[in-house]
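Residue numbers (this note's numbering), protein chains in the order written: chain A, 1 to 164; chain B, 1 to 164.
Just so you know, these hints were derived from the structure itself, not from any lab. Among these hints, one or two may not hold up.
Copies of one chain are not kept apart here, so a pair can be met inside one copy or by any two copies together.
[Claimed, not checked] In silico SDA-like pairs for lysine to any residue, Cα to Cα no more than 25 Å straight-line:
(1) Lys36 <-> Ile56
(2) Lys24 <-> Ala12
(3) Lys24 <-> Phe154
(4) Lys24 <-> Glu100
(5) Lys36 <-> Ala13
2 protein chains.
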Amino acid sequence: MAERIIARPLTAAAFAPYGDVIEKDGAHHFPINNGKCMRYHDLAKVETSGPGAHPIVSIASSEPYELPLSLTMVERHPFGSQAFIPLTDRPYLVVVCPDENGTPRRPEAFLAANGQGVNYRQNTWHGVLTPLEAQSDFIIVDRAGEGENLEEFFFDAPYSVVVE
Amino acid sequence: MAERIIARPLTAAAFAPYGDVIEKDGAHHFPINNGKCMRYHDLAKVETSGPGAHPIVSIASSEPYELPLSLTMVERHPFGSQAFIPLTDRPYLVVVCPDENGTPRRPEAFLAANGQGVNYRQNTWHGVLTPLEAQSDFIIVDRAGEGENLEEFFFDAPYSVVVE
Chain A
1 MAERIIARPL
11 TAAAFAPYGD
21 VIEKDGAHHF
31 PINNGKCMRY
41 HDLAKVETSG
51 PGAHPIVSIA
61 SSEPYELPLS
71 LTMVERHPFG
81 SQAFIPLTDR
91 PYLVVVCPDE
101 NGTPRRPEAF
111 LAANGQGVNY
121 RQNTWHGVLT
131 PLEAQSDFII
141 VDRAGEGENL
151 EEFFFDAPYS
161 VVVE
Chain B
1 MAERIIARPL
11 TAAAFAPYGD
21 VIEKDGAHHF
31 PINNGKCMRY
41 HDLAKVETSG
51 PGAHPIVSIA
61 SSEPYELPLS
71 LTMVERHPFG
81 SQAFIPLTDR
91 PYLVVVCPDE
101 NGTPRRPEAF
111 LAANGQGVNY
121 RQNTWHGVLT
131 PLEAQSDFII
141 VDRAGEGENL
151 EEFFFDAPYS
161 VVVE
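Just chain A, with the same shape it has in the complex (with noise of 0.2 Å):
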């Protein structure tokens, strides 16, 4: 039977080790525009690094997942952060792993709700999107240009991923 990973709240603390969750909440915050507007100020460090390396912005719709979650591999970023910032304010699960030595070591979960975006680091080990309930649409923040900015790891067994 497969190694169950109970997934947490999101929170900035907890998710600290991996990168940015982008959120109102806790942030830096002043007003603009003649007090029309309050704006919460950098709240995720994009990373982008390599040759011909530039920062884009993206949409990904993705389809739900069920649960629990059958994790089989988990993936990162060599050359760049990548931020997933929902456009919607459905839960979505959040997985990443330590590393150690370049292989990934047990996961982590974390359940983002409430509009909560996650900014994952250079070359953070992470579960690919995961939205739950319903299609969702994300905006994604991540990095273009040369090199192969892609590294794939497949677990021996699957992790279950479940939400108490």
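We have chain A; now place chain B onto it with these hints.
Chain B only, in chain A's frame:
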């Protein structure tokens, strides 16, 4: 009486002189994640220049504006592009001006809707974020760094921007 500017529907073709429309319609796209997800790729040219330049992700939460909009000023950012992507489907106004020798010419106005985002090209004159109907949140992708990245221009007389 203020000169009237009539907002047109926002389209990529009409907005091309000023920047990008961030939307799925008409975008280059391809499947990822074993076919579970469609990626609408590279929808905005993120520009950052000048000392210490780097792209950042922020959130703007703006009060709505009333129509007709009294347009008194526009601004531009000499060191970077600036993208706004709504986190709702509510409409907002997009105001831009052609430049002539450093001075904004007669404004053009667009009505963005259904989740369309915009990316103002570096050094493009534009109005401030102008949601309609209700308080609205937007993702911002723009430039941080050193140097004065804001230039403002106040019109001799305000324009009146309307939606027909």
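Each hint tested on the structure:
{"no.": "1", "hint": "Lys36 <-> Ile56", "result": "between (29 Å within a copy, 21 Å between copies)"}
{"no.": "2", "hint": "Lys24 <-> Ala12", "result": "within (11 Å within a copy, 30 Å between copies)"}
{"no.": "3", "hint": "Lys24 <-> Phe154", "result": "neither (35 Å within a copy, 31 Å between copies)"}
{"no.": "4", "hint": "Lys24 <-> Glu100", "result": "neither (32 Å within a copy, 38 Å between copies)"}
{"no.": "5", "hint": "Lys36 <-> Ala13", "result": "neither (30 Å within a copy, 30 Å between copies)"}
The earlier numbered hints that this structure contradicts are 3, 4, 5.
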